[in-house]
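Line order of the protein sequences matches chains B and G.
First residue of the first sequence: 83, per our numbering; consecutive thereafter.
First residue of the second sequence: 183, per our numbering; consecutive thereafter.
Read the hints as simulated data drawn from the structure, not as lab findings.
All of these numbers come straight from a predicted model, not from anything done at the bench.
The beta-carbon is built from N, C-alpha and C at its ideal position, and this holds for glycine as well.
Please note that a few of the clues may not be correct.
What the hints assert, rightly or not - Below, a list of computed lysine-lysine pairs in the DSSO-like style, where the Cα atoms sit at most 27 Å apart:
hint: 1; chain 1: B; residue 1: K113; chain 2: B; residue 2: K94
hint: 2; chain 1: G; residue 1: K359; chain 2: B; residue 2: K112
hint: 3; chain 1: B; residue 1: K165; chain 2: G; residue 2: K359
hint: 4; chain 1: G; residue 1: K313; chain 2: B; residue 2: K112
hint: 5; chain 1: B; residue 1: K117; chain 2: G; residue 2: K337
hint: 6; chain 1: B; residue 1: K166; chain 2: G; residue 2: K259
hint: 7; chain 1: G; residue 1: K359; chain 2: B; residue 2: K113
hint: 8; chain 1: G; residue 1: K359; chain 2: B; residue 2: K123
Claimed, not checked - Examples of chain G residues lying across from chain B (beta carbon under 7 Å, computed):
hint: 9; residue: D201
hint: 10; residue: A209
hint: 11; residue: L216
hint: 12; residue: D219
hint: 13; residue: Q222
hint: 14; residue: F225
hint: 15; residue: W229
hint: 16; residue: G231
hint: 17; residue: G279
hint: 18; residue: W281
hint: 19; residue: A286
hint: 20; residue: W290
hint: 21; residue: A332
hint: 22; residue: I350
hint: 23; residue: R358
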Amino acid sequence: MPRKKLDRNTMKWYRAIWLSCEQATFLMSKKEEGKLVFKEKIQLRLHLRICDFCTRFQRQVRFFTRHAAQAHEHTGALLREEKKEEIRGMMRE
Amino acid sequence: MNNHLALFNPDKWVDNYADALYAYTMARVNDMQLAEDIVQNTFLSAWKGRDTYKGQASEKNWLYAILKNKIVDHFRKQSTGSLTLDAGKEGQYFEDGHWTEAAAPKEWGQYTEQPVEKKEFYSVLEKCKQKLKDIQQAVFVMKYMEDAEAEDICKVLNITSSNYWVLIHRAKLQLRKCLEKNWIGIQ
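All chains, full assembly: derive it from the sequences and hints.
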């Protein structure tokens, strides 16, 4: 919901292009792919200017999606020695 | 110049790369047995194809390229192609399009501003990722960990682009909520 009191015409205009939070978060993924049409770009920008929840959602999702690719550098997972030996054996044949 | 042939040394592959390839795979498929199989197949394919190595890429990058193909192959095989998405799953997060009180994103504070080196974040992310359905994991891994284009992901998984948008949206909603609860600690 808009924070400031808006005049009637502006309210009308807002209603015509206002996205729900469900739609706005959905469009964020499309945006990553460069698939937003002009109207959607404007709608999303406007929604994010006003909606704190969706702004947070965007920031938090960006945060964990950006870090996900490096996950393997932090797990310390090791291949079992027996498996390594098995593979070495197969490569000798 | 730019030729890596002199450094090509299959005898040392397992010693040099097995752990790294395995950790990389585990982070993407979440299954020990499967990750072992994928790594084994990668080495065997590389071994059989060692004569085709021309030295344009480093040995390491060449092995990773083979590995990444095997991972995508796994997702391709896993995807049955007969996807039915239950309608209204977003209902846990939204009511009439608005965030429900329980699902509305809370402030995460300083957590997201610092560089993440904490092992804890990654282990929680891992657990949260495991809770996703297979197809959602596949979409998430390919998009955000393998940096694939949506169009290519749809081809591999044999899904429509509208399925893709729904799956990625739900994966994000679920992961965000799970991280908030288990990493940030907001119930």
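Results for each hint:
1. B:K113 to B:K94: 26 Å, holds
2. G:K359 to B:K112: 20 Å, holds
3. B:K165 to G:K359: Between K165 (chain B) and K359 (chain G) the Cα gap is close to 37 Å, so the pair fails against 27 Å, i.e. violated.
4. G:K313 to B:K112: 24 Å, holds
5. B:K117 to G:K337: Holds, at roughly 17 Å.
6. B:K166 to G:K259: 25 Å, holds
7. G:K359 to B:K113: 21 Å, holds
8. G:K359 to B:K123: Answer holds: K359 (chain G) to K123 (chain B) is near 26 Å, not above 27 Å.
9. D201: Interface hint status for D201 (chain G): holds (5 Å vs cutoff 7 Å).
10. A209: 4 Å, holds
11. L216: 13 Å, violated
12. D219: The hint is violated - D219 (chain G) has no Cβ within 7 Å of chain B, the shortest such distance being about 10 Å.
13. Q222: 5 Å, holds
14. F225: Result: holds, 5 Å to nearest chain B Cβ.
15. W229: 5 Å, holds
16. G231: Check failed: Cβ of G231 (chain G) comes no nearer than 12 Å to chain B, outside 7 Å.
17. G279: Holds, about 3 Å.
18. W281: 5 Å, holds
19. A286: 5 Å, holds
20. W290: For W290 (chain G), the interface hint holds, since the closest Cβ of chain B sits about 6 Å away, which is under 7 Å.
21. A332: A332 (chain G) check passes; min Cβ-Cβ to chain B is 5 Å, inside 7 Å.
22. I350: Because about 5 Å separates I350 (chain G) from the closest Cβ in chain B, which is inside the 7 Å limit, the hint holds.
23. R358: 6 Å, holds
Of the numbered hints stated above, those contradicted by the structure are hints 3, 11, 12, 16, listed in ascending order.
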